[in-house]
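Student: Each chain is listed here by its residues.
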Amino acid sequence: MSESTTYWQSLADAADQGHLFLNEAAAKACSEACSVYIDKLIEHQKTARTLADIDGFGDFDSGQELRDLFAAKAVGGEDNMVDVLQSHIDVVREMQVVFKKFFDSTDAGDEDNAADIAARGPK
Amino acid sequence: MRKALAMVVAGVVLLVGCGGDVEGTAVARERWDPCSIPDEAIEATGLDPTYRDVGWDEGIVVDDWALCTYRAPAERQSYFLSVFSSNEHEVSDARDDKRRLNGRDLQIGDRDAFQYESGVSDAVQDCNIFVAVPTGVVWFAVDFAGGIEPRSDPCGIVRTHATDLEHLLPPLPR
Numbered sequence: 118m119s120e121s122t123t124y125w126q127s128l129a130d131a132a133d134q135g136h137l138f139l140n141e142a143a144a145k146a147c148s149e150a151c152s153v154y155i156d157k158l159i160e161h162q163k164t165a166r167t168l169a170d171i172d173g174f175g176d177f178d179s180g181q182e183l184r185d186l187f188a189a190k191a192v193g194g195e196d197n198m199v200d201v202l203q204s205h206i207d208v209v210r211e212m213q214v215v216f217k218k219f220f221d222s223t224d225a226g227d228e229d230n231a232a233d234i235a236a237r238g239p240k
Numbered sequence: 307m308r309k310a311l312a313m314v315v316a317g318v319v320l321l322v323g324c325g326g327d328v329e330g331t332a333v334a335r336e337r338w339d340p341c342s343i344p345d346e347a348i349e350a351t352g353l354d355p356t357y358r359d360v361g362w363d364e365g366i367v368v369d370d371w372a373l374c375t376y377r378a379p380a381e382r383q384s385y386f387l388s389v390f391s392s393n394e395h396e397v398s399d400a401r402d403d404k405r406r407l408n409g410r411d412l413q414i415g416d417r418d419a420f421q422y423e424s425g426v427s428d429a430v431q432d433c434n435i436f437v438a439v440p441t442g443v444v445w446f447a448v449d450f451a452g453g454i455e456p457r458s459d460p461c462g463i464v465r466t467h468a469t470d471l472e473h474l475l476p477p478l479p480r
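These protein sequences, in sequence, are chains Y and U.
Residues 118 to 240 (my numbering) make up the first sequence, in order.
Residues 307 to 480 (my numbering) make up the second sequence, in order.
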């Protein structure tokens with residue numbers, strides 16, 4: 118997953134250097150989609166965590182697959198569901214950083230930053 | 307003889323019927339609904355009254371636990387307060403489970419309670435309290451998910467919410 122993070126970080130660098138451009142409306146829509154998705158992942162992460170506790174009571178007699186997915190792996194180990202979801206969250210946050218570069222500062226009315234971006238923009 | 311027996315049985319049924327309130331504890335325990343907490347109480351304890359997630363997500367079936375999830379407003383880092391209820395479990399189920407971290411006995415109101423942390427992942431900071439109710443147990447869980455660092459102790463937060471909401475739980479027998 119760190120590979121994906123690096124990918125989006127390189128896109129962020131490209132945006133900073135003016136090698137990458139995205140129109141403001143599209144960037145804004147993408148950023149909002151990222152927010153919604155991150156929130157969904159965070160909710161699932163919370164659910165996975167509590168299911169791991171419930172698994173401790175032996176309440177998953179049936180639903181073996183669910184147990185494997187959410188709970189059994191959630192008690193330690195690299196593949197636990199909570200950590201897997203966190204790596205997804207980290208990547209989507211990196212994506213959002215890139216999208217925000219195309220509208221954040223202008224939207225906030227921060228003229229210094231807007232000027233800065235314009236100065237570094239494509240010539 | 308058979309007729310006499312039938313009359314005795316009828317008499318017992320009648321007695322049980324009349325004394326329902328008194329003898330009610332012998333009947334199967336009805337699970338308390340964690341979604342019965344009104345919006346006003348959610349707001350009063352500092353959570354977002356507009357957020358309420360009823361039950362488990364689609365595709366997840368957990369027969370033993372009813373669930374209602376509440377959430378803190380953004381300025382309180384949007385942590386979750388999950389309220390679970392079971393008539394199949396007791397406070398002792400958590401207390402006796404050695405995998406629960408930093409276990410600690412406490413009282414919420416006049417009720418027996420047990421606090422622990424799960425330590426499942428560094429990405430989620432949680433604290434949990436199991437509170438005794440006549441119908442089984444109610445479990446309050448505070449979760450800071452998404453890798454955020456809580457500004458205040460999740461255990462302090464979950465104790466505050468459990469204490470604030472305790473009066474809404476099924477009353478203890480006197």
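Please keep in mind that the hints were generated in silico from the structure rather than gathered at the bench.
None of these values were measured; they are calculated from a predicted model.
Don't be surprised by glycine CBs; every beta carbon is placed ideally from N, CA and C.
Some clues are possibly wrong.
Stated by the list, open to error - Okay, the calculated bits of chain U under chain Y, using three or more residues with CB under 8 Å as the criterion:
no.	segment
1	350–358
2	438–451
What the hints assert, rightly or not - Beyond 10 Å from chain U on every Cβ pair, some chain Y residues (computed):
no.	residue
3	D130
4	A131
5	A144
6	E149
7	I171
Said to hold, decoys possible - Now the in silico label distances, taken between C-beta atoms and shown as ranges:
no.	chain 1	residue 1	chain 2	residue 2	range
8	Y	E141	U	P477	26 to 32 Å
9	U	G409	Y	S204	27 to 33 Å
10	Y	F138	U	A380	27 to 33 Å
11	U	I366	Y	A142	35 to 41 Å
12	Y	D130	U	G462	40 to 46 Å
13	Y	D156	U	L407	26 to 32 Å
14	Y	S152	U	G409	48 to 54 Å
15	U	I366	Y	H136	54 to 60 Å
16	Y	Q126	U	L474	44 to 50 Å
Student: For every hint, state whether the structure bears it out.
Tutor: Hint-by-hint comparison with the structure:
no. : hint                         : result
1   : 350–358                      : violated (count 0)
2   : 438–451                      : holds (count 3)
3   : D130                         : holds, 23 Å
4   : A131                         : holds, 26 Å
5   : A144                         : holds, 22 Å
6   : E149                         : holds, 16 Å
7   : I171                         : violated, 6 Å
8   : Y:E141 to U:P477: 26 to 32 Å : violated, 58 Å
9   : U:G409 to Y:S204: 27 to 33 Å : holds, 30 Å
10  : Y:F138 to U:A380: 27 to 33 Å : holds, 31 Å
11  : U:I366 to Y:A142: 35 to 41 Å : holds, 37 Å
12  : Y:D130 to U:G462: 40 to 46 Å : holds, 41 Å
13  : Y:D156 to U:L407: 26 to 32 Å : holds, 27 Å
14  : Y:S152 to U:G409: 48 to 54 Å : violated, 37 Å
15  : U:I366 to Y:H136: 54 to 60 Å : violated, 44 Å
16  : Y:Q126 to U:L474: 44 to 50 Å : holds, 48 Å
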